[in-house]
Amino acid sequence: MNKKTIIRTFEKIALYMELLGENHFKVAAFRKAANVLELDPRSLAEMDDILTLKGIGKGTGAVITDLLENGESDLLKELEQTVPKGLIPLLKIPGLGGKRIAKLREAIGIDSVESLREACIAEKVSKVPGFGKKTEQNILAEIELLGSRQGKFAIWQVEKVVSLIETELQAIPEITRFSVAGSYRRAEEESSDVDFIVVTEEPGTVREKLLAALPLAATIAAGDAKLSVTLDLEDQMDADFRFVTDEQFASAIHHFTGSKDHNIRMRQLAKSKGLKISEYGVEDENGQITTFDSEEQFFAHFDLPFIPPAVRGTGREIDRIEELDDLIELQDIRSDFHMHTTWSDGGYSIREMVEACRAKGYTHMVITDHTQYLKVANGLTPDRVREQIAEIRSLNEEYKDIEIFCGTEMDILPDATLDFDDELLSELDFVIASIHSNFNQTQEQIMDRLHTAMKNPHVDMIAHPTGRIIGQRDGYDPDVPQLIQWAKEYGKLLELNANPYRLDLATEHLIMAQEAGVRIAINTDAHAIDQLKYMEIGVKYAQKAWLKKETVVNAWPLERFIRDIIRK
DNA sequence: GCCGTTTTCGGCCCGACTGTTTTCAGTCG
Numbered sequence: 001m002n003k004k005t006i007i008r009t010f011e012k013i014a015l016y017m018e019l020l021g022e023n024h025f026k027v028a029a030f031r032k033a034a035n036v037l038e039l040d041p042r043s044l045a046e047m048d049d050i051l052t053l054k055g056i057g058k059g060t061g062a063v064i065t066d067l068l069e070n071g072e073s074d075l076l077k078e079l080e081q082t083v084p085k086g087l088i089p090l091l092k093i094p095g096l097g098g099k100r101i102a103k104l105r106e107a108i109g110i111d112s113v114e115s116l117r118e119a120c121i122a123e124k125v126s127k128v129p130g131f132g133k134k135t136e137q138n139i140l141a142e143i144e145l146l147g148s149r150q151g152k153f154a155i156w157q158v159e160k161v162v163s164l165i166e167t168e169l170q171a172i173p174e175i176t177r178f179s180v181a182g183s184y185r186r187a188e189e190e191s192s193d194v195d196f197i198v199v200t201e202e203p204g205t206v207r208e209k210l211l212a213a214l215p216l217a218a219t220i221a222a223g224d225a226k227l228s229v230t231l232d233l234e235d236q237m238d239a240d241f242r243f244v245t246d247e248q249f250a251s252a253i254h255h256f257t258g259s260k261d262h263n264i265r266m267r268q269l270a271k272s273k274g275l276k277i278s279e280y281g282v283e284d285e286n287g288q289i290t291t292f293d294s295e296e297q298f299f300a301h302f303d304l305p306f307i308p309p310a311v312r313g314t315g316r317e318i319d320r321i322e323e324l325d326d327l328i329e330l331q332d333i334r335s336d337f338h339m340h341t342t343w344s345d346g347g348y349s350i351r352e353m354v355e356a357c358r359a360k361g362y363t364h365m366v367i368t369d370h371t372q373y374l375k376v377a378n379g380l381t382p383d384r385v386r387e388q389i390a391e392i393r394s395l396n397e398e399y400k401d402i403e404i405f406c407g408t409e410m411d412i413l414p415d416a417t418l419d420f421d422d423e424l425l426s427e428l429d430f431v432i433a434s435i436h437s438n439f440n441q442t443q444e445q446i447m448d449r450l451h452t453a454m455k456n457p458h459v460d461m462i463a464h465p466t467g468r469i470i471g472q473r474d475g476y477d478p479d480v481p482q483l484i485q486w487a488k489e490y491g492k493l494l495e496l497n498a499n500p501y502r503l504d505l506a507t508e509h510l511i512m513a514q515e516a517g518v519r520i521a522i523n524t525d526a527h528a529i530d531q532l533k534y535m536e537i538g539v540k541y542a543q544k545a546w547l548k549k550e551t552v553v554n555a556w557p558l559e560r561f562i563r564d565i566i567r568k
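Going by full-length UniProt numbering, the first residue of the first sequence is number 1, and it counts up by one from there.
By construction, these hints were calculated from the structure, which means they are not laboratory data. Glycine residues also receive a C-beta, built at the ideal position from the N, C-alpha and C atoms. Wrong hints could be hidden among the right ones.
As the list claims (entries may be wrong) - Straight-line Cα separation of at most 30 angstroms, DSS-like style, residue types lysine-lysine; simulated pairs:
(1) Lys-99 x Lys-133
(2) Lys-124 x Lys-134
(3) Lys-209 x Lys-160
(4) Lys-360 x Lys-492
(5) Lys-124 x Lys-85
(6) Lys-3 x Lys-58
(7) Lys-4 x Lys-260
(8) Lys-85 x Lys-26
(9) Lys-134 x Lys-85
(10) Lys-99 x Lys-4
(11) Lys-492 x Lys-400
As the list claims (entries may be wrong) - Each pair of labels, with its calculated beta carbon distance range:
(12) Gly-313 x Ser-394: 43 to 53 angstroms
(13) Tyr-490 x Ala-217: 49 to 59 angstroms
(14) Gly-274 x Pro-41: 25 to 35 angstroms
(15) Asp-479 x Arg-351: 35 to 45 angstroms
Let the sequences and hints guide you as you build the complete structure.
Below, the structure is given as structure tokens:
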């Protein structure tokens, strides 16, 4: 028996009870019990007080005892026999929850998506009390969409949709200001929809203009406070817009940024002080509503510092506020160590990239084009590298306010050798080693390649260490704990590649690396000026792993970078 | 079902929108 099994049992019990139309506080109690175990960092063996945890009571405790003693839960077995398995997918149909599903099963014997479809076509559903013609049609339409509707979208897919919507919002003069909220603002790897807070005095006008401007597959809800639509794009994605006044903005963006658990924790905190949080402000016992100029002020109202969106997760972040002072922030970033130019597969010249980094206020930067093995990317031969070094050195003479270092993103070849020899590497200031080929090798072969790079005294950093593309491919499956050990042993940096396709290393590994004392560089891997902005997503993602300023090398001052990395 | 230096009963985070009703339940985020 392990903790995961207990958690999954609670979740299943909750699901079945929901389908039976049980009291939703009862359902929530089982979900909460699952959450309590999930949030506890200890393993099952270490939890001798499991039955006395807050949130575990008589009913949930009996399930745990049952599982520990018999390896299965009588309650779950009973529920599985009572509730047809075919009902579970019905919860995926928008507009159908436990109560209505229970009602349909009771009244006309619905036990699967197929029987519901048939009942809709035979117009039996609209005869059930509480259901009407409209609901029947909606259910039928949703059943047809069930297969095509995608659950989660990768952050790079969401980013494109967010940009598109922002362009439309900017074009509407009745909008004073707006901001994306929701899981995208928290820099989640995946989101199920996008949320926007829109400040306007004329919600009706804005709603109509949005309905006219956006590519629509469906309108889910359209009121004066909110607009909810399904966008007709490559992938059909839902978008929610909340219309608020300027005074309500701070409370609204906090509320709709979430996470849900963060909000619940904040509301419990408010309640303990006799206050009530809603998306419109904070209400005291006299019904007086306070609004705020900023989220900072909102948090200050509860004696809390500003909690960055990226760390708003389980609610436990509120117990870690003393760590926020050291947390990496965008304004700490002084440099970017990984970018490409027209010398290989980048879109802009070295000078253009330098100008763009100066505009960002960076004090130093590294040019890192691909190497000869990567022919599709026009990788540099040794001769071209030396030419490039000369050009960079001369450009560096020109610019007094930014230090430009000569680097490379060198391929680690499939046979576990490096693309450049040591002599050439010694002429460079900063050497990145990367895998771009033969992802399907065994883990042993991959680790052999990475070890070669790690051992080389000229290599400074391993880029995108796992090669993953979020939601598309897992990468080359390295043994990351081992990689972190090597980074520690040989004093190498590991990258957090900030490109939203990658975000590599992932959160769990960043946490591991920081704990091991390994330094991280957050880099954009920009192939165009515009992509330098990915630093913002990268830093947010780093915050999810609670990376400190000290851990992130590109937050270090130039002098320290030269002393500890370039001249080491 | 869980919980309690206000409570062992009556709450549980809070509000918008839809569709069904004719004042509100259900669903959703």
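Against the structure, the hints:
Straight-line distance between C-alpha atoms of Lys-99 and Lys-133 comes to about 18 angstroms, which keeps the hinted pair within the 30 angstroms bound. A hinted pair counts as satisfied when its Cα atoms are at most 30 angstroms apart, and Lys-124 with Lys-134 qualifies at roughly 13 angstroms. For the suggested pair Lys-209 and Lys-160, the alpha carbons sit about 21 angstroms apart, so the restraint of at most 30 angstroms is met. Distance check on the hinted pair: Lys-360 and Lys-492 sit about 26 angstroms apart at the alpha-carbon level, within 30 angstroms; holds.
Restraint check for Lys-124 and Lys-85: the C-alpha separation of about 22 angstroms stays at or below 30 angstroms, so the hint holds. In summary, the hint linking Lys-3 to Lys-58 is supported, as the alpha carbons are separated by about 18 angstroms, within the 30 angstroms threshold. A distance of roughly 22 angstroms separates the Cα atoms of Lys-4 and Lys-260; the hinted pair therefore holds under the 30 angstroms criterion. Distance hint between Lys-85 and Lys-26 is fulfilled; the C-alpha atoms sit about 21 angstroms from each other, no more than 30 angstroms.
Simply put, Lys-134 and Lys-85 have alpha-carbon atoms about 27 angstroms apart, close enough for the 30 angstroms limit, and the pair holds. Simply put, Lys-99 and Lys-4 have alpha-carbon atoms about 28 angstroms apart, close enough for the 30 angstroms limit, and the pair holds. Annotation: proposed proximity of Lys-492 to Lys-400 holds, straight-line Cα distance about 29 angstroms (limit 30 angstroms). Range check, Gly-313 to Ser-394: Cβ separation about 48 angstroms, and the 43 to 53 angstroms hint holds.
Take Tyr-490 and Ala-217: their Cβ atoms lie about 52 angstroms apart, and the range 49 to 59 angstroms holds. Roughly 32 angstroms separates the CB atoms of Gly-274 and Pro-41, a value that falls within the hinted 25 to 35 angstroms. One distance hint, 35 to 45 angstroms for the beta-carbon pair Asp-479 and Arg-351, holds here, with the actual separation near 41 angstroms.
Hint check: no violations occur; every hint is consistent with the structure.
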